[in-house]
Each structure stands twice: as structure tokens, then as C-alpha cells.
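J.: Please take these sequences and the hints and turn them into a complete structure.
Top to bottom, those sequences are chains A and B. Start counting the first sequence at 1; every next residue gets the next number (UniProt numbering). Start counting the second sequence at 1; every next residue gets the next number (UniProt numbering).
Source of the hints: derived by calculation from the structure; they are not laboratory data. Remember, predicted model here, so these are calculated numbers, not experimental data. Misleading hints may appear alongside valid ones.
Put simply, identical chains are the same to the list, so a pair is met inside one copy or across any two.
As the list claims (entries may be wrong) - Straight-line Cα separation of at most 25 Å, SDA-like style, residue types lysine to any residue; simulated pairs:
#1 Lys-258 <-> Arg-173
#2 Lys-282 <-> Phe-488
#3 Lys-387 <-> Met-161
#4 Lys-21 <-> Gly-157
#5 Lys-235 <-> Gly-212
The residues making up each chain are set out below.
2 protein chains.
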Amino acid sequence: MNDFAKLYSPISPSAGLDKMKRYEKFADEVAELIRTGVLAPGEKVPSVRHAGRTYGVSLSTVFQAYYLLESRGLIQARPRSGYYVREHAKKPLHELTTTHYPVDVSDVGVSELVFSVLKSLKDADTVPFGSAFPHPNLYPLARLARSLAQSAREMSGQAIMADMTEGNPDLRRQIALRYMVSGVMLPVEELVITNGAMEALNLCLQTVTRPGDLVAIEAPAFYATLQVLERLQLKAVEIPVHPREGIELDVLADCLAKLPIKACWFMSSLQNPLGATMTETKKQDLYALVEQYQTPLIEDDVYAELYFGKQPPRPIKSHDRNGLVMHCGSFSKSLAPGYRVGWVAGGRFSEQISRLKLMTTISPSVPAQAAIADYLQHGGYDRHLRKLRHALEMQQGTMLASAARHFPTSTRVTRPSGGYFLWFEFPEKVDSLKLLQLALAQGISLAPGPIFSATQRFRNCARLNHGHPWDSRSEKAMEILGRILKSF
Amino acid sequence: MNDFAKLYSPISPSAGLDKMKRYEKFADEVAELIRTGVLAPGEKVPSVRHAGRTYGVSLSTVFQAYYLLESRGLIQARPRSGYYVREHAKKPLHELTTTHYPVDVSDVGVSELVFSVLKSLKDADTVPFGSAFPHPNLYPLARLARSLAQSAREMSGQAIMADMTEGNPDLRRQIALRYMVSGVMLPVEELVITNGAMEALNLCLQTVTRPGDLVAIEAPAFYATLQVLERLQLKAVEIPVHPREGIELDVLADCLAKLPIKACWFMSSLQNPLGATMTETKKQDLYALVEQYQTPLIEDDVYAELYFGKQPPRPIKSHDRNGLVMHCGSFSKSLAPGYRVGWVAGGRFSEQISRLKLMTTISPSVPAQAAIADYLQHGGYDRHLRKLRHALEMQQGTMLASAARHFPTSTRVTRPSGGYFLWFEFPEKVDSLKLLQLALAQGISLAPGPIFSATQRFRNCARLNHGHPWDSRSEKAMEILGRILKSF
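T.: Have a look at this one:
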């Protein structure tokens, strides 16, 4: 019995309860083995006949699964020989480790740089490696439009008024239900519906801080985090992030003990830009830490649904017994870009957050809320999510392989278990702001390292987006980037 | 030739160019004469035959116009005698004059009171005199739902992404076009689309102030203005407002000369709660003042479309030669409650406002923007607005008449030329917070005076909403309010 046989357990009879087809499930299990390295690049996958016999599934199930895996770019058929794990990850770039800098309290002054970079990324004709969003065609826009039409037609004038203060009740119920399924029991009243997660995060931070306060954030951090801190005149304490395991807890513990930190703002799963997801135990330990110091934690979890594994990562919120965690989510990355519907489960701060929202934007668009509620009930959200995750996983593999082909061999890269970003650490001599300029001149965008740091570190790093369909232009762009990188 | 004949000029031949029907136009002219008092309550309206002959319109046009005016409650038929201006305004309550208080710089601490009052107004079963919105059925919700369905179906993924940063281009063009028609030439680039006017106002104020700064506002002012000042730790300089003519300019001039005022936030037309609309000349003078001191002016113009007269009031923005005026508008009161689409023509501050928006909510809902753009192009906005204004004007007359029947005779009241609010000044002994409690116990809401003041003045005042269909319950509610008022 080889590794494959040892690790792959036959499908349980209860599987039929799920709407997922048997062959999809089988394909997912094999994909997991590939992703985790149990089935190495170049290794032969068990023959259709062999797999069918060993695991008690029909030959057609195995065949369909392999066909699916081939279409997802994970395996390839060799004539008269069978299926093999694709070669592209055979000589991968080395994986990144934590970048340590001395931790310090710093004013944030990165907003101008971020805006100038974002402005340069706007041109629709560039290869969008610098983009913050996946390709819009990955989303069920036509189906959403139907939900929008349907719910707008049925909406009463009274409901429009009521939903402005309370949020759409169906939407809140659906969100609470999804929390329940992922192991978080949440009273519907704790949920505040917002204009995307960005508003939720802003409201949370304003609720628990005053100008001049210290906030612990990640290094590297999502650049909008830095802009919000700058805008609210807050000081950043940058905690290093391990590219696979997230926040370095000992550094955080040290900072919480020594500094008057008023709030933490972390992404516990699929952190932007590194893609790190903390283990369950680590999340528990992090919660224990903030509980010990009674430090409010803003958990930015907008990529939660984009995991590649079998189990959704649980949020830190699931350990929260004191209402200390404000868990922010959104449909912008998982379902409905542009609808601008997000939320926060605000714990003990919910009432204050809700009031602050009434004073600033009053409410997110009521028809948009109703449309998403309708879609969640009738649209097939989980089916869509599986397709989305598959597409992103496949494209990640393709970009990793392409980078291995073209980038300098000393380049290091992350291996996120979800999302649509890769973070590259290039050789020391590379200046990523310069790199961006040179790349833009060739019609390629990227997100340079310094915009992810309050202190403009990560000079030789960049975030690349693989959420767009891969084509010959993308491959060519990677080749050009590789050439520019080698010129430094 | 009586007053009516002197003042009413025959319809010009170009009238047919407008989509408004001839009889509607004729009815509007007569309504104007009634509103301005040229035709007094109880006075006989010229006979159908006489009017037709004098003004060169067909008898059927006059007849249809009178029928419309009757249905709008402005005139009534007496058997065998003809039409008369309705009696109800015969012994009207006296009109309010400016309430002067010593002007002072004050911290704002009214938010808790406002929230507790707003909470008490939530019960859907109360007679909603305290509401901030007209009845939702006054809006073309079904037609808007069609626009929503249509535009969502047609929207490309690329457009969804682009509209998040730039705003929907059709919507911006349509808004700029409406400015042009009302005499303001505006480059489309100056427009920032926001989550309703509330977000626009917040962004403007944050753009031009820092905590501790002084801001000139109106007394009484819209309570949300006060909440925003409180939230941003700004100090209020309350300028008295004349109930018909708006801001007292001499007081403002004095304050601008003596105090380091960093911004003005005024409603130049149909001010909430008084309903005052400044004259064209006064608007010009106000602009000259802020220009002299180079004080940024935030012009909150959300009721602009709800005027009863023939001409739309022009905004102060129309005099702006220096980009000093940030003109904020919204579709929430005129077209699409709950869609949460507003805008600001931000003058020289546009770029900063737009950046601040990207950092806080990113964008209003993209499908909602597209729906409104579609409606503005194809939905018949101006026709809807005429109907809406007619309904509000009729209901204003009805509430004024009812107040004259039931409220103490020393009560004073405003006579706004638009909108859906009346502001009452009750006898000195009345405590409107107490009044609210007693009224709520009887199932009636109202907006008490003190929530409209940074210093909780206007104890014996209240704002009543007449934007809901008038029925026997409304009449009964006025009677009960009258009884409570007399008990003080």
C-alpha cells in the first residue's frame, strides 16, 4: 500500500447527503494529496482501474475525477502510461520564512505612496498582477442579477425603511447560519451590516481607539490598514508574520506586556499579502493573549471562504467568550464584487459600531442586501465557492510554476492554502518600486513591498495576483518580470 | 381685472415642449397664487368659462385643472356656486419668526439624546409625525426595480470593478446634466458618488477640519449634523435661521470676523427643520462672505428637488468661482430611499474627498448606482418629481389646517415652500421632550426641538412630518396632540 493508499480513506456513505458529486469529492481528496506534497510532482497517480478497485468507487467516478483534476491543471496524462502529477512544481522556488525587523512604535505615512501606486495600476490594459481583486468573471454575476431583480420586485416600502437601520433580516439570519455551520454561535443582534468590510474595519477601529493610540498590526499588512491608521492618527506596532503560520505570538506577547496597545487588527486566515493561516491552536493562544490584556481584537476575515483545503478555517472569534473580538467579513471577494455588502460581528462593541454607522453612512444599499440574502437562500453559494476555490488553486499552481521557470532561483515565495495572492521575496538588490516602474513600462502591474509596511520595509518584495485567467500574455509577463529582476 | 387675472399670465406657446400637460401647468399656476396668498382662503376662483375666455385655454383644460386642484385639497366646489379656495387656511396659526439666542462656541453633546429619541420613533404602529422620511409609497419603487434588473443584467464584470473607484459614468453624467439645467456648469470629474448624502457630508467635514476646530451651523440644525460634529470633536457656532429666509447673514458675518471658523455647513434651500429657502440674492451674499474669509462651505442640499414653486431654487454652488463650495445631494429623498446613492460636487476638495472615501467605504453599491442612472435616462424622473411635490404640498396644507383646528392659538408655525416638515413653536410652558413621552404613550411620534440644537434649545418646539398620506388616524393624532399641548 503506497502513501496514496494509506492517506486516502474511502468515501463514507454519508457523502451523498452533501450536494457535491462523488467524483468531485474524490478529485478534491486527490488534490489535497498533491497540494500537501504526499503525491509529489512527476509521481504517477494510481491507474483508474487500480484506484477504483482499492477505494470501492466506480471506474467512471475515478475517470471523471481524473478528468477534472487534469482540467484543473494538477495532473496530466502521458500517452500509453497514465496520469502523472504535473511537473511544474518539480523545482519550485524556496518557501519564504519570516522577515524579522526590530519592533517599534511608528507613525504611519504611507498613504501618498499607496495612492500613487494604486493610480498606476488603473490602466485596464496592463497584465493585472498588481490588482487587489480576482477576475470578475469568476463570480455568478448573472445569477446575482436575477436575485437582485427578484428581491427588488418583492420588496415593500416599509421593508426598505426598516432595513436601513436594522439591516436586511434575511441577510442577517443567513450570515448567522453560516457562522453556526463553522462553529460560531452568534446572536443575530450582534451583526451589523456594512458597506463592505472596509467600512466595518473603519467603524471597529474608531470605536475602540482615539487619535494617538497604539494599534498592533501585521508586518507586512494590507496597505488599506495602514491608510486607515494614518487617517485616524493612530500609531502602528508592526508584529512580524510567519508566511505559513501567521503572527509571531511571542513578539505580540512581548508588545502587549510592554506597550499600551489599544487594539489589534489581524487577519487570522489567508492573511493579505502573505496568505498565512494560523493553526487552530495558535488562534486559541492568540485569543488567550488578548483576553489576558483585555485588548479588543479586530479580526479581518475577508478571505475566509477562499481556502483550498477540505475544512474552512475557524475564526479566532470562535474562541471569544468575552465579546472582545470584532469579526469582519464581506461578500466582495467570495460572491458579489461591487455590491458593497459586508458585516461585523461586533461582540460587546456592536451597539457602538451600529450607532457610528448610522452617523456616517446610515446604511448599505438595501436592494443589494436583499439580493445577497436571496442568493444565499436560493443561488447555490457553496457550489459557486467550490468552483471559485478550484479556479484559484489551479491558477496558483500555474503562477508558481511560471515563477520557478522565469524568476531568479534565489527568489523565495509563499505557499498559501487559499486566496489569490503570492508574495515574492526577490534577491536583496531588487528595488520593487523600481521594478514596478520598469514593469509598468512593459504593461505589467504588481504590488510593491513598501506599500505593505508602516515603515516602508519589504523593499525587495512584491505581491502578485493570480486570480485572473492564465493565458499566453500572463506567461509572457512573468518572463519579462524575470528578465527585469535579473537585471538588478 | 382682479388680482388673479393680473397675476396670471396666459400659457406661452412653448409650453407644449415640456412633457407636463397643459392643465397641470395651469393648475400649478393657480396653486402658486393660492400658496402665495394672492388668492386668499375663502375667495372665489374664476368660473371655468371666465378663466377659459381670459387666458385662452379650452374649457376642458380649466375644468381638468380645477379638478386636480380639488383633489390636491386646495380648492373646493360649492353647489351651484363654483370653486372656492379652501377654508382651512382661513384662520391659520401665526407664522414663526427667528428665535435669537446669544451666539457662542459650544461643544456638542446631543448624540445620546438623539439616539434615545430616534429609538422611541421606531415603532411601526405609531403615527409617524416624528419620521425623517416621507411615505415610501410616494416613490416609484416598482419602476426602480425594473431599472435595477435591467442594469444589473447588462453590467459587465469590468464595469463593476471600474465603477467602484470612479463611480458609474452614466450616473455622473446624468447628475452633471441636472446641474447644468439648474444653471451650474460642473466638470463631471468634480463629482464624487457616495453612500447617500450622509457619507458625503461626513467626508467633506473631515476633509476641511481637525478635532477642536470651529464649524458654523444653523440653529435649529438637522440633528445628524450635530452628531457628526460631536463624533469628530468639532465645536459648533450656531447661527440663527429665519424661518422663511434662512441664515441670519449679519450674525454669520460677525462670527466669521471674530472667530477662527474652519467650515460652514448650511442648507440653503428647504432647510431641515425650518424649511427656509434663501433668496437668490441672499445666496450670492452668503457666497461673497465665505469667499472673503476663504471659509469652505458645505452646502447640504438634499431637499433641493422638493420645492413647491415653479422654479427650482439654485444652490449657492452656482455662485462658486473658487471651488470653495462642496455641494452635497442625494436621491434618498427625491427618488430612491434605501438605495443609498448620493454625491458631492466637491470643488477644490474633490480629490481629497474621493481619497477619503476610498479609505473608508471604497464605493457605494455599484448596481444601485447603475439602476439610478438607468432610471434618470428612461424612468421619467421629472414626471415623478411633479407628482411627489404635489402630494407633499397638498399634505402640507392639510396638516396646517388641522393644526389650526386643534393646536393652541398662540402656536406659531413655519410655511415652507417645499419639503415635508413643519416646525411648530408652542406656548412657552410646553416641554417638547415631555410632549414626546405623552404623545408616544398615545401612539404618536414627533421630533422634539432640543435634538436640533447643540445647546439643547428649542424646548417648546417640535418638527412634524406631513409626508405620509393623511387619514382619519392623522387627524385624530393632531387632535390628541392639541389636547396634550393645552394641558401644559
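J.: Give a verdict on every hint.
T.: Hint-by-hint comparison with the structure:
1. Lys-258 <-> Arg-173: neither (41 Å within a copy, 55 Å between copies)
2. Lys-282 <-> Phe-488: neither (39 Å within a copy, 65 Å between copies)
3. Lys-387 <-> Met-161: between (36 Å within a copy, 21 Å between copies)
4. Lys-21 <-> Gly-157: Classified as neither; 42 Å inside a copy, 29 Å across copies.
5. Lys-235 <-> Gly-212: Intra 6 Å, inter 20 Å, cutoff 25 Å: intra and inter.
Of the hints listed earlier, those the structure fails to meet are numbers 1, 2, 4, in rising order.
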